[in-house]
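Keeping the supplied structure of chain A fixed, place chain B upon it in accordance with the hints.
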Amino acid sequence: MSNMIQLAKREIRLGFRNPWAYSFLILFGAFSLCLLAINAQNYLQGYSGVTASMLSLILYLLPLMTLFIGSFSLTSEKEDGSWHLLSTYPLGTFAFVAGKYAGLLVVLLTVTSFGYGLMGALGGVIGGGFDFKTYGLFLIFSILLILMFLGAALFIGSLSKNRWQALTISVSVWFFAVIGWQSFLLSFLNLLPYTWTKPLLVTFTFLNPAELVRIFVVVRLGGGSILGPEYYRWVDWIQKPSGGLIFGAVCLIWTVCSVLSVCWFWERGRRRG
Amino acid sequence: MDKVVVRVEGVSKTIKKQRIVSDISFTLNQGGILALCGGNGAGKSTVLRMLAGILPPTSGSIIVNGVSHEQKTLLYSRQLGYMPDDFQFQPGFTAQETISFWAALRKVPKERAKEVLALVGLENAAEKRVGSFSKGMRQRLLLAQAILAKPPLLLMDEPTNGLDPFWTREFIRLLDQVRQDGSTVIFSTHQLEVAGEAAEQVMFLNQGRVVGKGDVRSFRDRYPSLHEAFHASLGLE
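Chains as they are written, first to last, in our numbering: chain A, 847 to 1119; chain B, -11 to 225.
Just chain A, same shape as in the assembly (with noise of 0.2 Å):
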């Protein structure tokens, strides 16, 4: 326990040491501050548009930044040949592997929570701010995408040989789970009969955390209805009052099976040389 502790504090002096972390902090910062300006000119409460135009702009934004600082941080380890001299430590391979996701975690989690502070902050002095549930929705679903996109960065960090592998798959990786995801779902379960269709569509989703988490956050704002007739059942245990504890236990769920391959996958190369 208390190597991951060191392991964490390490990663997060280094995440406030990079330039990343202060580039992404910077785009966030006036990435928040346009949704602030949109919202503005907009004012709906629940969702409409505007909410649905902002939720896909953070879809698109904080998933990439997880995951190239999440993979980069995990390939930097194996071409510095800091963890061929890590390995050389009385350090699990758990404690290395969490112990970098708490630390990363603590660093994305700042870069967000500033961005969201300067909106709220902003949105309280000037005016034209969101909803306190919708303000706090967005919040829950950009903390929820860097916990489960953390995950599969720190994954696609442990397949990877170097930082150009690294980014090549997490620009893949977001590609397919953020941008061409609905075309993937028409071209390949139109391919399929239609009994089908429904439990792949299920599985898909609790696959991809873009659209898991999507999903939740437009039906606890009320727009489960654009969602289609496959979803109906989707909102309905979403709206329900136990669906934010069910849902956070599939994130959770998610979130640990991916921490678990990782380890599993980090363990194996290690065993291997």
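Simulated from the structure, these hints should not be mistaken for lab results.
Every residue gets a Cβ at the ideal spot worked out from N, C-alpha and C, and that includes glycine.
Be aware that a few hints might be false.
Using C-beta positions, here's what the derived DEER-type ranges look like [unchecked claim]:
1) K98(B) <-> D1082(A): 51 to 61 Å
2) I1092(A) <-> S0(B): 21 to 31 Å
3) S869(A) <-> E103(B): 50 to 60 Å
4) P1087(A) <-> K138(B): 55 to 65 Å
5) E925(A) <-> T2(B): 50 to 60 Å
6) R205(B) <-> W866(A): 50 to 60 Å
7) K116(B) <-> G973(A): 23 to 33 Å
8) K138(B) <-> E925(A): 26 to 36 Å
9) W1083(A) <-> S47(B): 36 to 46 Å
10) W866(A) <-> P153(B): 33 to 43 Å
11) S47(B) <-> R1114(A): 32 to 42 Å
12) S869(A) <-> Q195(B): 40 to 50 Å
13) R1114(A) <-> L222(B): 30 to 40 Å
DSS-like, lysine-lysine: derived pairs with alpha carbons at most 27 Å apart [said to hold, decoys possible]:
14) K979(A) <-> K855(A)
15) K979(A) <-> K1044(A)
16) K924(A) <-> K(-9)(B)
17) K855(A) <-> K98(B)
18) K1007(A) <-> K123(B)
19) K855(A) <-> K4(B)
20) K4(B) <-> K1007(A)
21) K5(B) <-> K(-9)(B)
22) K201(B) <-> K924(A)
23) K102(B) <-> K123(B)
Then chain B, alone, in the frame of chain A:
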């Protein structure tokens, strides 16, 4: 000091169907200093990496202080300190921050971390960023992390690379001190003068095979210098 600390038996390493190291065996007693000598691609670093537990041997066994890496990984890693050849420090960290991190992982008190920095002559550079360090200073910082916990076995890959003549001499003096503290040392070098001065035993490697091994004294008795001994081992007399 007759206790065997390192026992290597029939160790070979094959990577992508290429034999990197072939059938190496040796033992080393407590307090012994062994130099692995050879040209580029001789297999020195691979042997050290296998000893450090970074690379698993394809065949054979490595036992350090009665512990095998395969069976007890964490206990094995407590037996050694390792100084790699290809390490890049985080340039934004100071020497103090860097050594404190490694010390915390080994559960070594902060006072010892400061003591080790002084031992390698970096006490005045403790608050400087590692990014501004010369190659020699970085080597000394690497050496500092390796000796932090006074490990029973100290492994060093080309430790004198980048060191100026003063620090090369200091390194040899430091090795003697480490040995007197009870550590056993294995280091690789292509500088045979360093091997001759710092080590008690040498092992000549060529294309992954041991082509000669023995006491430095016995080589000196038979040859004018270690260079001659090395050439003779390669059959280039």
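Query raised in the report: Taking each numbered hint in turn, which are not upheld by the structure, reported in ascending numerical order?
Result: 2, 3, 5, 7, 9, 11, 14, 15, 16, 19, 21 and 22
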